[in-house]
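Participant: Got chain A sorted already, so can you dock chain B onto it with the hints?
Number of protein chains: 2
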Amino acid sequence: MLSIFGSVALDTTRTPFNTEEKILGGAATYASLSASYFVETSLIGIVGTDFPPEYRSILQGKLDLQGLSTKQGNTFHYDSSFDYALSHRTTNKTELNVAADFEPVLPPGYPTPRHLYLANNDPIQNIRLLSKFLSPVITMCDTMEYWIRDKRDQVIRMMSKVEGVVVNDEEARLLCGSANLIKCARMILSFGTKFVIIKKGEHGSILLHNDVLFPTPGYPLEEVVDPTGAGDSFAGGFLGYLAAKNSTDTHTMRQAVIYGNIMGSFAVEDFGVRRLLKLTKEEIELRYNKYLELVRL
Amino acid sequence: MLSIFGSVALDTTRTPFNTEEKILGGAATYASLSASYFVETSLIGIVGTDFPPEYRSILQGKLDLQGLSTKQGNTFHYDSSFDYALSHRTTNKTELNVAADFEPVLPPGYPTPRHLYLANNDPIQNIRLLSKFLSPVITMCDTMEYWIRDKRDQVIRMMSKVEGVVVNDEEARLLCGSANLIKCARMILSFGTKFVIIKKGEHGSILLHNDVLFPTPGYPLEEVVDPTGAGDSFAGGFLGYLAAKNSTDTHTMRQAVIYGNIMGSFAVEDFGVRRLLKLTKEEIELRYNKYLELVRL
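So the protein sequences, as listed, match chains A and B.
Quick note on numbering: the numbering used here labels position 183 of the first sequence as 183, and the sequence is numbered without any gaps.
Position in the second sequence (from 1) plus 1000 gives the number in the numbering used here.
With the rest of the complex left out, here is chain A (with noise of 0.2 Å):
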């Protein structure tokens, strides 16, 4: 099993084409429904008493939810608007709710996840889930700026104790103080980490792993309608394939990341989840295929 530790939000998110008010979304949400493609996933995590009952079902129908607790009050709302090209995005309101001091509490006799995921949560929350299970096979984490900025030392304790890091190339480069991202890349290894993958969006990924560098380009989109979620559906497919082959060998990790980076381009295509939910197996597999195409000599 492979369970996921993070945000599941209520997103409201404008782009100049489009807006969608309190759509079902959250770093967790978006990557353990990528995740679940691949292995059985689940997700913990924390909901309002608004949270709709729809959203619920919708989850149910492909994640184990015995870790997502529900709160009275409001669920984290989002609310975030995107420029004409989809590439920067501005924060309008943040509304933690429920989401705010979270401390997971997980049901009696909840296994030790083979795999566990710890979104962006505060670097404090995830150690301390850390240390709830005995020794999982593999634990990853990613970060965000307002963590980096606020609990950089938390930060970098947090990368110490997982076996991988993944984070995009802004955080990176904020965290590591270096535009050059594979330096970026050495010095994240250097605090305990045993890999670490910098996402750099339609740019496609770069994976160090002992020092095994695997640089590849994202799959190429003509059209994004919602970049929200990539970054996590990445994560997401990258952890799940990884769990599904129970393997960390060379081969493995480099499928893992092109598997990361379809996940990631399914996930932009509509708008919210709506593109991860509606997927099918095939589908993955005929864009896995399709990518090694392109990109072999």
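It is worth saying that the hints were derived from the structure and are not from the lab.
Hints are not guaranteed to be accurate.
[Stated by the list, open to error] Calculated Cβ distances over 12 Å to all of chain B for the following chain A residues:
no., residue
1, S81
2, N97
3, L286
[Unchecked claim] Simulated pairs of lysine-lysine, BS3-like, Cα-Cα distance not exceeding 27 Å:
no., chain 1, residue 1, chain 2, residue 2
4, B, K1194, A, K290
5, A, K151, A, K194
6, B, K1183, A, K278
7, B, K1290, A, K290
8, B, K1290, A, K194
9, B, K1281, B, K1132
10, A, K183, B, K1278
11, B, K1151, B, K1093
12, B, K1132, B, K1183
13, B, K1290, A, K183
14, A, K290, B, K1132
The C-beta atom is built at its ideal place from N, Cα and C for all residues, glycine as well.
Facilitator: For chain B alone, kept in the frame of chain A given last:
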């Protein structure tokens, strides 16, 4: 023979770490030196009487200079500064000098090159030079922001007359009015050219040839000293390789793109053309094979 028409310049390049004044530069210089590792290359351009004899002898050692004119006056001088991340360049001064209104004069008997690269000259100059030759095998052109803003129709006319277009991502977006690079590439093909390459700096490039898309990541470098000339070195390496193979099948085009990426990565490892001058064919092959090793599944 590959002929390359473009600027030969004296560059004053300022980074936060170093400044060098009036060093050998210019789009055609970088492209020709890069191409010279693959095929006999002839440089078409102009310099002033101030052009240092040692620069001329550097070029003479690697290139055919029968198309290089000398005119009373000063050589084109370009003064620019890079930011700390070495990712944004600010122009301090552009002194066209003898390059203003330059009309290339080829000596009697100058052969029709089998391959011709028209660097980022005035599109009207490029079209005129093209008309002097009877059907080279492959002609390829570049352009730049200045011409796209000032002579957009002529840029498109020029692109309709060549087999291939190579531009960077910002130029493609400006020319095509779309943020999506795949859409831009398709639009440029619709102007009448047969293939287009969009260069994305450290993020590599995208080739579109007929219906074949070939996205590649950049060669991962830990140290960048001076980004000047990366794109021109890419173009020179790409067309140099195609010229050497005298082929435009898909496999050769893909290999040429990788050689382009590789030559761009060498160019930025030292100030000005220094790294391009002391390269060996063995180093190029080594890095090419290293690149294939990095990106393979």
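Participant: Hint by hint, say whether it matches the structure.
Facilitator: Checked hints:
Here S81/A stays apart from chain B, with its beta-carbon at least about 16 Å from theirs, past the 12 Å limit. A cut-off of 12 Å between C-beta atoms confirms that N97/A is not in contact with chain B; the least separation is 34 Å. Remark: the non-interface label on L286/A is consistent with the geometry, its nearest Cβ contact in chain B lying 16 Å away (cut-off 12 Å). About 23 Å separates the Cα atoms of K1194/B and K290/A, which keeps this hinted pair within 27 Å; it holds.
Using a Cα cut-off of 27 Å, the hinted pair K151/A and K194/A holds, with the two alpha carbons roughly 22 Å apart. Between K1183/B and K278/A the alpha-carbon distance is near 26 Å, which keeps this suggested pair within the 27 Å criterion. Straight-line distance between C-alpha atoms of K1290/B and K290/A comes to about 24 Å, which keeps the hinted pair within the 27 Å bound. Between K1290/B and K194/A the CA atoms are separated by roughly 23 Å; this keeps the pair inside 27 Å, and the hint holds.
Restraint check: the Cα-Cα separation between K1281/B and K1132/B comes to about 33 Å, which exceeds 27 Å; the hinted pair is violated. The suggested pairing of K183/A with K1278/B holds, with an alpha-carbon distance near 25 Å, which does not exceed 27 Å. Proximity of K1151/B to K1093/B is assessed by CA-CA distance (about 21 Å); at most 27 Å being required, the pair is judged to hold. For the hint linking K1132/B to K1183/B, the alpha-carbon distance of about 33 Å lies beyond 27 Å, and the restraint is violated.
For the suggested pair K1290/B and K183/A, the alpha carbons sit about 19 Å apart, so the restraint of at most 27 Å is met. Taken as a hint, the K290/A and K1132/B pair is broken in the structure, with Cα atoms around 43 Å apart against an allowance of 27 Å.
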